[in-house]
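Number of protein chains: 2
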Amino acid sequence: MTTERREASRKTEGGENELQEWSVAARDVVEFVPHAAAWQHVGVVTAYPARLLADQLLGTGMRLVLDFGETLVGKVRLRLESGGESDRPVRLKLLAAELPYEADRDPETFCGGLGRGWLQEELVTVHDFPAELELPHRYSLRYLVVTVVSAPVCRVKLTRAEVIARSAAGEALPPPLPGWDRELALIDAACSRTLRNCMQEVFEDGPKRDRRLWLGDLRLQALADHVTFRRYDRVGRCIRLLAEHRDERGMIPGAVIMKPEPHSSSFVLDYSLIFARLLLEHCLFSGDPELGGEFFDAAARQFDFFRAGLDDELGFHHPGGWIFVDHCRELDRTAPISCTAIWAAEAMAELAELLKRPASEAARWRAEAESWRRALRGSSFDPALGMLRSGYGGQLSWASQIWGILAGVLTPEEGRAALMTLEKREDAVKPNSPYLMHYLLEACRCCGAEELLRDTIRRYWGGMISRGADTFWEVYREGDDFYTPYGSGCGEPDPRNNSACHAWSGTPGYFLRTLPPAEGRGTRR
Amino acid sequence: MTTERREASRKTEGGENELQEWSVAARDVVEFVPHAAAWQHVGVVTAYPARLLADQLLGTGMRLVLDFGETLVGKVRLRLESGGESDRPVRLKLLAAELPYEADRDPETFCGGLGRGWLQEELVTVHDFPAELELPHRYSLRYLVVTVVSAPVCRVKLTRAEVIARSAAGEALPPPLPGWDRELALIDAACSRTLRNCMQEVFEDGPKRDRRLWLGDLRLQALADHVTFRRYDRVGRCIRLLAEHRDERGMIPGAVIMKPEPHSSSFVLDYSLIFARLLLEHCLFSGDPELGGEFFDAAARQFDFFRAGLDDELGFHHPGGWIFVDHCRELDRTAPISCTAIWAAEAMAELAELLKRPASEAARWRAEAESWRRALRGSSFDPALGMLRSGYGGQLSWASQIWGILAGVLTPEEGRAALMTLEKREDAVKPNSPYLMHYLLEACRCCGAEELLRDTIRRYWGGMISRGADTFWEVYREGDDFYTPYGSGCGEPDPRNNSACHAWSGTPGYFLRTLPPAEGRGTRR
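Protein chains in written order, with this note's numbering: chain A, 76 to 600; chain B, 76 to 600.
Treat the hints loosely; a few may be bogus.
Treat identical chains as interchangeable: a pair holds within one or across any two.
Claimed, not checked - Below, simulated EDC-like cross-link-like pairs (lysine to aspartate or glutamate); rule was C-alpha separation at most 16 angstroms, straight line:
| # | residue 1 | residue 2 |
| --- | --- | --- |
| 1 | K334 | E207 |
| 2 | K505 | D103 |
| 3 | K334 | E156 |
| 4 | K168 | E183 |
| 5 | K334 | D203 |
| 6 | K150 | E197 |
| 7 | K150 | E276 |
| 8 | K232 | D130 |
| 9 | K168 | E197 |
| 10 | K334 | E160 |
| 11 | K499 | E156 |
| 12 | K334 | D162 |
If you are wondering where the hints come from, they were derived from the structure by calculation, not from laboratory data.
Model the full structure from these sequences, guided by the hints.
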């Protein structure tokens with residue numbers, strides 16, 4: 076196995092949208108072993124360095140697992156040489172995978188809810204040697220499982236295996252900040268790697284599965300990008316893509332799918348409201364208000380879809396259509412969506428000021444936010460608990476407190492107290508996704524709960540690190556290795572449709588690399 | 076399914092070695108049914124015309140069998156459209172196959188001796204629709220089995236399936252001769268189609284498996300080509316390829332493999348001797364003696380490898396290395412190889428005359444042939460039987476009589492009598508391959524057994540036709556549907572490594588299209 080980089084860095088064509096490419100040779104040949112303490116019960120044991128493969132003859136039925144040393148997104152290239160005069164073709168089954176479980180399980184057993192088409196399987200046949208193969212798709216992988224379905228009598232050698240990795244951000248991750256311990260450094264690097272791997276033609280939610288530009292994910296990616304790669308041009312292009320795909324009502328879509336031509340998909344009310352915040356932060360981060368001016372009215376229009384659902388008491392929203400907030404069927408979204416609207420309206424006010432629009436505009440936005448805040452507090456604040464309830468059923472949830480803090484429906488003091496109390500309340504609906512966990516971090520910062528913020532990063536994201544993550548996962552429920560929000564076709568959960576590199580999980584680095592406003596120095600916004 | 080031909084005919088690049096291409100759309104969707112009377116127990120039932128596929132939504136788990144109406148060699152192109160907004164990739168398993176059994180059996184059950192790599196399997200994943208796919212290899216197929224491993228909820232449609240067929244001979248097969256019945260016309264067409272499908276960059280033995288230029292096959296292809304496509308340029312190029320890959324001793328190889336660079340493979344004594352006959356016939360057929368002059372000495376050199384094995388009695392050859400004659404382990408090859416040398420030496424004499432070399436040369440070749448003939452007759456002719464025996468064990472075989480007739484060791488009268496008698500001799504080792512069956516036809520013609528020749532064509536090749544063949548098979552043992560010379564890895568025979576379109580089986584048309592010399596009008600040689 077040649078370990079030298081073919082080229083230090085190479086750029087794909089495509090002008091402003093070019094990607095950087097770099098080559099990563101397989102590092103080790105590894106073996107998977109059943110292990111109760113390992114994530115999803117599959118442990119990884121290093122067998123030997125991959126460069127030794129060049130001398131190894133592979134015959135029919137052999138199976139090799141290559142470890143590229145880190146999770147990468149890109150093309151896979153293999154070089155095969157025959158062990159002598161070849162009399163017949165070689166056929167290989169290949170499975171590219173992010174996680175050991177996904178790599179170790181036979182795709183034939185797949186019963187996940189979204190479809191085996193997302194498993195990264197290939198079947199290749201090689202007639203002539205030596206052969207330089209490039210597998211036909213782009214993969215997100217750390218492991219490549221090579222099964223020799225059929226080989227000539229003389230057998231074959233895998234003399235090179237490399238990933239031509241690609242990202243709009245390039246290969247290098249930003250160095251850790253001084254004073255971090257190893258855990259924080261690993262968490263931060265995994266955040267940067269997650270973002271890097273998702274930065275392709277657009278900011279994708281997950282480069283293995285879905286691969287869409289999602290508005291909710293983009294806001295979190297823009298936060299992470301601001302403290303790492305600072306590709307404001309890319310963020311701006313994606314904001315434009317979303318804004319320009321408004322539907323006939325003017326609603327900004329939750330996602331844009333790029334192929335065959337860019338088109339909208341999935342209208343999600345909380346995402347549409349969040350657009351205001353994304354737009355404001357982009358103007359602040361990049362120092363360029365241009366997009367803010369261009370899409371101010373588009374952002375303002377999203378609130379009409381929220382207003383249309385308000386009832387007479389101005390406190391409850393009857394959701395029509397999709398409101399996400401979290402992967403959680405039983406979650407009452409009434410309070411969280413109202414809080415999202417309040418928090419987004421405050422962003423509109425700030426944006427109006429930034430754009431030097433008439434002072435009355437900002438005032439109007441603030442007044443509306445305040446009216447919604449009062450109404451919600453009036454209808455849903457439980458003084459005995461010091462927390463927000465949600466909906467006619469008065470559901471207690473983490474989501475309501477998190478969003479209540481961000482919206483200022485809870486005061487910082489109430490917020491800190493609520494966050495401390497929630498841990499002990501078994502009846503509170505818990506967060507399910509790293510997406511809502513991000514907003515927990517944001518709420519911590521907002522109400523000055525910096526210790527809880529650090530503890531949460533170490534416990535939740537550090538928990539993924541200790542379970543082998545080098546990019547952060549789409550789905551992580553502590554203590555539940557096989558949880559998937561995507562259902563099953565066979566009675567038992569099959570988590571292989573979950574992504575192990577997912578945009579919305581990569582924000583702890585943003586908090587680690589910015590200072591709390593409580594210290595009076597402001598954030599690095 | 077569009078039925079129009081994309082272009083009537085298209086030529087690949089490559090100067091003198093260009094191939095012609097044409098498009099064939101899938102004709103029918105068929106179903107396989109178990110049927111004891113069908114070849115290999117798999118019957119084919121037409122379900123509906125393939126053009127109706129354009130309206131059919133295909134979901135996960137569906138399996139379709141496309142029938143292209145005839146066996147073809149080429150690339151496969153598919154067009155896939157989604158049934159709505161696609162939310163996930165489509166994954167298809169594809170299996171291209173020549174015969175129903177090969178198409179119907181799951182490749183996972185394969186246990187043939189040569190390797191599953193020769194099964195024409197693919198796995199494709201399509202992310203974006205509509206998609207135009209070209210499968211990555213060249214296939215030999217009549218059937219394409221499409222299994223939908225995974226589809227989006229909206230499902231997909233297969234709106235086009237076509238083979239971009241290719242051959243150096245072009246699409247059209249020569250029309251039948253006047254007076255033939257339907258069976259003879261079908262046999263002749265299958266011969267021409269077999270040859271056409273094998274005529275690629277070189278004359279291949281089988282376009283599904285092996286795909287080599289074999290000397291023994293080339294001679295038979297040159298006979299068939301002479302009465303059909305008359306691509307003497309192609310034959311000449313292949314003769315040159317073989318002759319120019321002589322080893323350091325001067326031995327002409329049994330085969331040339333074209334990739335990555337042309338190189339020799341498999342030195343087979345009977346094939347090397349047959350080169351003389353191939354060269355002579357090429358000069359006669361093409362009317363151009365150039366190659367004859369160029370490679371006369373090379374052809375002559377092959378006899379040294381035969382002479383080196385002769386013992387004192389000049390009747391027995393001790394074979395060193397590979398002598399083929401037939402797929403038959405127990406066959407004693409002593410008499411057949413001596414006869415091959417005699418028959419080839421007669422060709423050398425004729426070639427010497429054609430090239431106007433000194434008369435003494437032809438005389439010397441004839442004298443040597445005659446000395447071998449006498450020696451073999453002296454040692455191996457059984458006067459009580461009127462047949463040749465072979466080797467120290469005195470084995471009785473069809474091969475010895477067939478080659479004895481061609482070599483003139485048996486007179487025409489003895490030959491006719493021997494061929495009639497053999498049918499009743501259970502102890503005579505029978506032919507196993509269509510290759511030796513060709514030489515039976517050639518022996519019939521040589522000794523004037525024209526009725527047996529026609530009967531054999533109708534019974535043996537007509538037998539394949541009645542079992543569904545439209546190209547002739549590499550392996551056909553009457554009454555044994557599962558015979559394979561290639562062994563098994565699981566205790567029961569797996570005939571899926573056998574080719575169903577194989578060069579050496581396609582010569583009946585040569586005999587049907589030429590007249591017996593007994594009628595005094597000469598062959599069309």
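Each hint, compared with the structure:
1. K334 - E207: between (28 angstroms within a copy, 14 angstroms between copies)
2. K505 - D103: For K505 and D103, the Cα distance exceeds 16 angstroms both inside one copy (39 angstroms) and across copies (56 angstroms).
3. K334 - E156: between (36 angstroms within a copy, 13 angstroms between copies)
4. K168 - E183: Result: close both inside a copy and across copies, 12 angstroms intra and 12 angstroms inter.
5. K334 - D203: Intra 34 angstroms, inter 6 angstroms, cutoff 16 angstroms: inter-copy only.
6. K150 - E197: within (13 angstroms within a copy, 19 angstroms between copies)
7. K150 - E276: For K150 and E276, the Cα distance is within 16 angstroms only inside one copy (15 angstroms; across copies 32 angstroms).
8. K232 - D130: For K232 and D130, only the intra-copy Cα distance (7 angstroms) is at most 16 angstroms; the inter-copy one is 46 angstroms.
9. K168 - E197: Cα proximity of K168 and E197: in one copy and across copies (6 angstroms, 10 angstroms).
10. K334 - E160: between (44 angstroms within a copy, 12 angstroms between copies)
11. K499 - E156: For K499 and E156, the Cα distance exceeds 16 angstroms both inside one copy (61 angstroms) and across copies (52 angstroms).
12. K334 - D162: between (42 angstroms within a copy, 12 angstroms between copies)
The structure is inconsistent with the numbered hints 2, 11, although it conforms to all the rest.
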